[in-house]
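J.: Sequence:
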Amino acid sequence: MSVSTSVTVRRLVAAALAAGTLVGSAAVSASAAEPRHERTHVAISRVQSDAPGFDDRSSRSLNAEWVEITNSTRRAVNLSGWTLSDRDGNRYTFRHYRLAGRSTVRVHTGYGRDTNRDLYQDRRNEVWDNRSDTATLKNDHGRFVDSVSWGRHHDRDDNRGHGDNRGHGDDRGHGRR
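Straight run, no breaks: the sequence shown in the working numbering ends on number 177.
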């Protein structure tokens with residue numbers, strides 16, 4: 001092999017290695033640029049268990065008792081089949097509902113017309129105990145998603161509409177499993 005042939009071979013090998021490095025770095029850049037799947041983060045954000053005024057089972061009173069569910073991700077989450085329940089076993093099942101990204105839906109106890117922001121359980125009686133209860137959210141597979149408790153051992157404020165409104169965040173009465 002002549003000197004000029006070996007120089008040419010070395011140049012070809014160097015060019016091939018350089019091309020391989022460029023292709024490899026482009027592939028890494030492309031995979032890094034692909035969108036990552038966000039973990040669904042749906043939670044109970046606020047509860048109004050004690051409707052203002054008298055608990056007289058009127059539509060106004062029942063619909064002033066509510067739980068808010070918030071989706072903090074950018075993507076919509078299909079809540080169909082998810083459940084919201086109290087400690088006594090009263091359960092509301094979400095039907096054909098998709099919660100938009102970065103939005104909140106308020107689930108009222110009484111009767112009404114469902115919208116994107118308000119859903120109604122169509123009940124004739126109060127669900128949430130004014131003094132002490134737990135709201136639990138489960139997904140369509142029955143897996144725990146979130147819960148909020150108030151009253152008894154959960155008497156401190158979690159800044160989400162529960163507790164004693166003193167701003168104590170050390171015992172939020174807020175469950176994550």
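I should point out that these hints are in silico values taken from the structure, not numbers from a laboratory.
Misleading hints may appear alongside valid ones.
Across the chosen pairs, the derived CB separations fall in these ranges [to be verified]:
| hint | residue 1 | residue 2 | range |
| --- | --- | --- | --- |
| 1 | Pro-52 | Arg-75 | 17 to 27 Å |
| 2 | Gly-89 | Asp-55 | 26 to 36 Å |
| 3 | Arg-87 | Arg-143 | 17 to 27 Å |
| 4 | Asn-90 | Arg-143 | 33 to 43 Å |
| 5 | Arg-74 | Tyr-111 | 30 to 40 Å |
| 6 | Arg-143 | Arg-95 | 12 to 22 Å |
| 7 | Arg-75 | Gly-53 | 19 to 29 Å |
| 8 | Thr-83 | Arg-124 | 30 to 40 Å |
| 9 | Arg-113 | Arg-74 | 24 to 34 Å |
| 10 | Arg-91 | Asp-118 | 28 to 38 Å |
| 11 | Arg-74 | Arg-124 | 19 to 29 Å |
| 12 | Arg-75 | Phe-54 | 38 to 48 Å |
| 13 | Arg-152 | His-96 | 31 to 41 Å |
| 14 | Ala-76 | Asp-129 | 30 to 40 Å |
Below, simulated SDA-like cross-link-like pairs (lysine to any residue); rule was C-alpha separation at most 20 Å, straight line [claimed, not checked]:
| hint | residue 1 | residue 2 |
| --- | --- | --- |
| 15 | Lys-138 | Ser-103 |
| 16 | Lys-138 | Thr-104 |
| 17 | Lys-138 | Val-42 |
C-beta: ideal position from N, C-alpha, C; glycine also.
J.: What are the numbers of the hints the structure violates, in ascending order?
T.: Numbers 1, 2, 4, 7, 8, 10 and 11 - these are the hints that the structure violates, sorted from lowest upward.
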